[in-house]
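Q: Chains as they are written, first to last, in this note's numbering: chain A, 1 to 711; chain B, 1 to 711.
Quick caveat, the hints were computed from the structure, so don't treat them as lab data. Any given hint might turn out to be false.
What the hints assert, rightly or not - Derived SDA-like pairs: lysine to any residue, alpha-carbon spacing no greater than 25 Å straight-line:
hint, chain 1, residue 1, chain 2, residue 2
1, A, Lys597, B, Glu213
2, B, Lys341, A, Leu469
3, A, Lys341, B, Leu324
4, A, Lys585, B, Pro474
5, B, Lys557, B, Ser46
There are 2 protein chains.
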Amino acid sequence: MTSFKNLLPIILLASTGLTHADEGQWQPYQLPQLKAELKRIGITTSPGKLGDLSRSPLGAIVALPGCSASFVSPDGLVVTNHHCGYGAVQRNSSAAHNYIADGFLAKTRAEELPAGPNERIYVTDKIEDVTLELTQDLKRSLSPRARHDEIQNRIKALVAQCEKDPSYRCSVPSFHRGLEYYLIRQMMIRDVRLVYAPAEGIGNFGGDIDNYEWPRQTGDFSFLRAYVGKDGKPADPSPDNVPYRSKKFLVVSAEGLKTGDPVLLAGYPGRTSRYKLPVEIRAARDVAYPLQVAALQADIDTIAKSTAANPEWTVRYASVEKSLQNRMKKTRGLLDAFARKDIVAIKVKQDAEFRTWLKAQPGATQIMLSELDRTIAADIALSNEEYAWSLATNSELLKSAHTVYRLALEKQKPDAQREPGYQQRDQPFIKARLTRLEQSLVGTVDQARWQTALQHYRALPAAMHPAGLDALLPANNGLDALYRHSQLANTAQRLGWIDADAATIARSDDALLQLAVKLNAIATALEERRKDLDGKLELVTPRYMQAIIAFKKSQGKPVYPDANSTLRITYGTVAPYAVRDGILKSPFTTVEGILEKDTGKKPFNSPPKLLAAIKAKRYGQFSDPVLGTVPVNFLSSADTTGGNSGSAVMNKDGELVGLNFDSTYESIAKDWYFDSAITRAIHVDIRYMLWVMSEVDHADNLLKEMTIKYK
Amino acid sequence: MTSFKNLLPIILLASTGLTHADEGQWQPYQLPQLKAELKRIGITTSPGKLGDLSRSPLGAIVALPGCSASFVSPDGLVVTNHHCGYGAVQRNSSAAHNYIADGFLAKTRAEELPAGPNERIYVTDKIEDVTLELTQDLKRSLSPRARHDEIQNRIKALVAQCEKDPSYRCSVPSFHRGLEYYLIRQMMIRDVRLVYAPAEGIGNFGGDIDNYEWPRQTGDFSFLRAYVGKDGKPADPSPDNVPYRSKKFLVVSAEGLKTGDPVLLAGYPGRTSRYKLPVEIRAARDVAYPLQVAALQADIDTIAKSTAANPEWTVRYASVEKSLQNRMKKTRGLLDAFARKDIVAIKVKQDAEFRTWLKAQPGATQIMLSELDRTIAADIALSNEEYAWSLATNSELLKSAHTVYRLALEKQKPDAQREPGYQQRDQPFIKARLTRLEQSLVGTVDQARWQTALQHYRALPAAMHPAGLDALLPANNGLDALYRHSQLANTAQRLGWIDADAATIARSDDALLQLAVKLNAIATALEERRKDLDGKLELVTPRYMQAIIAFKKSQGKPVYPDANSTLRITYGTVAPYAVRDGILKSPFTTVEGILEKDTGKKPFNSPPKLLAAIKAKRYGQFSDPVLGTVPVNFLSSADTTGGNSGSAVMNKDGELVGLNFDSTYESIAKDWYFDSAITRAIHVDIRYMLWVMSEVDHADNLLKEMTIKYK
């Protein structure tokens, strides 16, 4: 039981104006527009400096595949979440060295372990507006589709040009639904090593049970290191490589934060849908999500049933199941949020206000709006068919077959004309994916999952079925034969087809390859329709977003683009939230909360040395003066989403004070609608991380390597 | 979902020093000692005025049987909890007029309904220290038992003297475990009428499910009126009676309170055990409570099983079951609290500090301490036997038999020498009890409950069995015959024995009467041992408490006596509490919380007119400026216990701002140990009461009758 002292930080909120929204995942260049807001919440560092990629802190923020991270020493030391470094821990674990259960600490650089051939660290070093280059001199007479193709070709050319230096990986994502395009250049470090991860009972304390939950007491952190060739450039993993000299790195503040303090958060948020029209939200709420929840649950149940007989199979599907459960909780959370608050009604009201404003503007806005509505309606319909297709082909082996056949077809074209994802530059990733599949595949389980998905496909409304697909799909009792007459479950066989040409594949007697060849026409038709529609969307949605930006500007508000896996900065305040009448969630948890939850059994199995340190109140210098103990996790109102895992949480001076790793269940709907009253991101408190490193795991070498400002 | 605004009141706590304890159920005369404390929390009214029984507010505080209440008009209008006025509502309800479900409102005095012959309103008008009269001139040579008897005789004489005026009911409870005695004189008003009770869906919203729970949204209030004869003196119920002229009554403040505001609370707390020795707590925790929980659960299960076949029987045992469930939750709550926090260890430490201090004082303290420990050990052992006796005789019919036989025996003595509880003055209450039994009795259920209790009795350690009892108890298969050969289940038969003499009863062929006659020797032996032991306790516990008071005084702390159903005042602050790591319970609930919980089904079945008013946000003038809506219940740190139900909750000026009605589950252990960090009492907010009266039930006549200060 916590004492009265825990209430005091809440009290300190008095000094902040928390009724303001902290919504916004801002592009670095936008920060100067936010000067007044940043000042209001207490950020003292100049917005210009904060948004400068060539300086710390922003220059220290890096990406991992699907995660965010940051440099915390000049020698390439990277801190991220435990769940982001988990693959590296898992890869190095064995019965003899159970680093998952026991944790891992390299006491010297020589002891650092290869994180695996697929691990990457991406260091963004250039963000360049290329909108003009992509859209200038486009003939007005071009059809939407021709315009789309031309833009894609220009993008491919830009990427190819940028990647001439093999150190870089480049991309040209669109912002504001096609209004702007930026060329993002990232140095891609390929030699990544595992430095330190606490025991799973710390790093994943609470596991799936506590996923999206608060209160939370998870030490979700780990350390990697970037290695490069002796020339300082990215190189394939090699013992000769040397630590990357990261001139930009974050200073760590051991002082931590208190309730009401401002936070800055930088990372790579994946995808949001904040500017969707009411009709899009309604379609998700009433059609897409309920269908997805049903199919996901059926898939989860099928995996459970078909792996039940064999514990080894259960292990093999553990990460698949975890990922499905996570999507399930997220989708359920969205539906719960839609049920709790009428977000559609709010959006309808906002949309009506916008349209009223727009109609008062000069120009042919009516035409734009009706075109927008028509195109969005077509997009919803096509998305439903695409979902139906994904259900109908929900077999990992069939998908592999499709990949190799499609790759063979694309290889018939010059590299620059190939479909993105099937170019030369993509081939290593395809190979890695087809190899990695063996870790989570059992033929009979894959077949059972497909069977279930097909049942859900067949139950969909007829309008959702892509034309011609039904006739090509196997009968209910046809899957056995398909799997019996396919060798694709064998990794060597699967990989063997990567270099085959299309004709050879078409002649093969592998039943799943044969089916993939037959289905390719349907897949291609869907892709062509998608490109046609994207062409139309690219004509209308940029104009819509331009109008939205003008509308918001008329209200004095800047506009951030939806998340698209590019570097963003958000800010907020350490803050509680009201979960229901009479109950508040307070913004800090403490090590004593670990004692409350620990059961000795997974996922609530803290290492004994951790429990001993807590019970002995061996807080060291990491005790919070208000809480009177070591804080573990904290809440802030910063705006995050998937991909923000591992993002640096910084104080007003840009010093590292925590790592983002989750958000609360009540926040899940934020991808669609940011409700500032209840949206909270969950962070690891830097003091817990430092305390575990100091008092529990004795990671003195790392504590020494980082620049830590103590009180 | 509540908005950010709800967090603001919590924030206001900043201005108060909540880390101080608000422990203490103070006797009125003690208030001036608390001047500094009262000033600290913001009470502006002078402590002298607050403690003056002849003035408002204290003079307006009255008692009901087992509850507290207060006058709120000069015409005898009394406000108390819904559950305290429930008997009156129930009594007047019928299929045609379901006042329980629909509520009841007398629009004129003529419409007010008789509350029932057992309803009483007690107006305390004199509290007189009679310690000296009881203890002076007691010969030192008296044995402890002779001394005890003499004190009891002096008490009886004082009570008899006081009750010569038939308007009064008098008592002489001991304070500080026998250190002091006060004569309490209460005017006993016997004509009580039901004025207003909201629908059960308001007054008992949440029912047993929400008992001891927070958040809570219960409108636990009702109104009664005191009637007296035309001469202004208490009289038997009669249409000729007139409203009592209550010169002292509470002014109502419609302004309510906000988080951090001070509260005063006055009422009649029943019983606490704050000065028990560690050994007594250990005995309760390790022996008495676990046994009680097991026996209570078995009793509850037996009632459920033996009434299952007959819905009418279920109804008849509803209130018995409710009361058992309440005791169960309370006892479980105590055990949970003992498990959560090592209260014994805290008490051991406090006791050790006290003993160290005591040993440094002049005087023969060692002898006192060893005598205390020996006597307390004997008390624990005897209490265990008394509990065993209560299990062995847990038959309502057997208890009735015992009562009438015992009454007959006592009637052989002059009234002044009879045992308290069996004097002339007690006879109407005995008769009422034996009559009321018919409302909650079914012979076969009573027999089944006794059978279960006997099994638990037999499983108790042998040392707990009173000497000679086992041989007299019926065999397992003997109960059938006992019930078959008894007429006591018949109310007329039962009452018929009240006037019988002992010899007649002894000769009766009623099997249960025969058993009661046989068991009387065991009962008497236990009572005699209790008196002997009380005599010893009365010698040693007052000296112990005197030393405790001196010890606390040396620390600058005044000492309040344990609760004993006499008028007490406590104070506190409107305050949240931390329920576990990361979760705060905030101190106000709102009408929107009713919408969150309402299911349309009992006990979450709000009247449609209430729901409509909430949905329409028809808050009238009762909206809280911070919450932006009507508050329903609130928490304070005031020190309460059973008996405090219906207690007036007052603001710093002594104006009524709420009614106490419950405390949180985490607070249950407060009867033994007051943990200021988590102990919270639950109150109805006066604004909810006034809002329901104004917007929902239109009790305009009562709103007009009361003196209400609006903002």
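Q: Next step is simple, just say for each hint if it's right about the structure.
A: Hint check:
1. Lys597/A to Glu213/B: Given that 25 Å is the threshold and the Cα spacing comes to 22 Å, the pair holds.
2. Lys341/B to Leu469/A: Violated - the C-alpha atoms of Leu469/A and Lys341/B are around 65 Å apart, more than 25 Å.
3. Lys341/A to Leu324/B: Judged against 25 Å, a Cα distance of about 40 Å means the pair is violated.
4. Lys585/A to Pro474/B: With a Cα-Cα distance of about 57 Å, the restraint between Lys585/A and Pro474/B is violated, given a limit of 25 Å.
5. Lys557/B to Ser46/B: holds (20 Å)
In the structure shown, a violation is registered for the earlier hints numbered 2, 3 and 4, in ascending order.
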